[in-house]
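Novice: Which chain is which? The protein sequence lines are A and B, in order. Here the first sequence is numbered in numbering that gives the first Met the number 0, starting from 0 and rising by one per residue. Here the second sequence is numbered in numbering that gives the first Met the number 0, starting from 0 and rising by one per residue.
No lab work stands behind these hints: they were computed from the structure. Predicted model, so just to flag it, every value in this text is computed and none were measured. Check before you lean on any hint, since a few could be wrong.
Okay, derived cross-link-like pairs now, BS3-like style, lysine-lysine, Cα gap no bigger than 25 Å in a straight line [to be verified]: (1) K36(B) x K5(B); (2) K3(A) x K5(B); (3) K36(B) x K7(A).
The primary structure of each chain is shown beneath.
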Amino acid sequence: MTAKPLTKREKSVRRHNIATLLALTAFIALLVRSTELVTLPETVNFVAIMTLFFAVITMFMTRNADEYVAAIWRAGTSTAFVFTAAVLIFLPFTEGFIDGLMGYENGQDIDASDASEMVIIASFFVANAWARLRGTY
Amino acid sequence: MNNRLKVLRAMNDWSQAELAAQLDVSRQAVNAIETGKHDPSLPLAFRISRLFNLPIEEIFDDGHE
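Please model the entire structure based on the sequences and the hints provided.
Specialist: Take a look at the structure:
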C-alpha cells in the first residue's frame, strides 16, 4: 500500500505542530537554565533562543492552517494575553495597593520584569496543551 | 457536542485522512471532531452535512430536544 501525498493543508498543520514542539523544547531548556539547577553551556542558551524565535514565527505563519489549529492557537494566545495583563499591570498594581493599605513603603518588591516573560510564555504552552488534550472550547 | 461523524465515516469505509481531504481540513481536525474535542465551524458543519447528504441535526447533537 502506497502512502498518499500530503495535502498542502496537512503539510501546513504538520509544520505548525512541529514548530510548537520545538518551541516548547526550547522554552523548557531556557526555563531549566534560568533556574540554575543545572549548569548548561552558553551555547544552549543561544540555540534555545534562536529555536524559540524561529519556531514562534513558523507557528504564527501557520496559525490558520486549519480551523482546529486556529482554535488551539487562539486558546494559547488568549490565555497568554490575560497573563500579560495580570503580570505586567495588575500584579504591580495590587502590590502597590496592598502596600498603600498596610502603610508599607518598601517600594516595588515584585518586579514585573523578573519572571514575567517566562510566566507569559508558559501560560501559552499550558493553554495550548490543555486545548489539545481536553478540547478547544 | 456529540456527533455521528465516526459512524458515518465507517459506513463509507473512509479513513480519517480520506475524510479530511474531502472536507479540506487536517486529519487532526477530523480526529478532534470525532472525539468531541473540537466543535466544527458552521461552514465545516455544512460541508460535512453536504458530503454525507444528511441534515446537520442528524449528524450533530447539541443536547437540546
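Novice: For each hint, tell me whether it holds in the structure or not.
Specialist: Quick rundown of the hints versus the structure:
1. The hinted pair formed by K36(B) and K5(B) meets the criterion: a straight-line CA distance of about 13 Å does not exceed 25 Å.
2. A hinted pair counts as satisfied when its Cα atoms are at most 25 Å apart, and K3(A) with K5(B) qualifies at roughly 21 Å.
3. At most 25 Å may separate the alpha-carbon atoms for a hinted pair to count; K36(B) and K7(A) meet this at roughly 24 Å.
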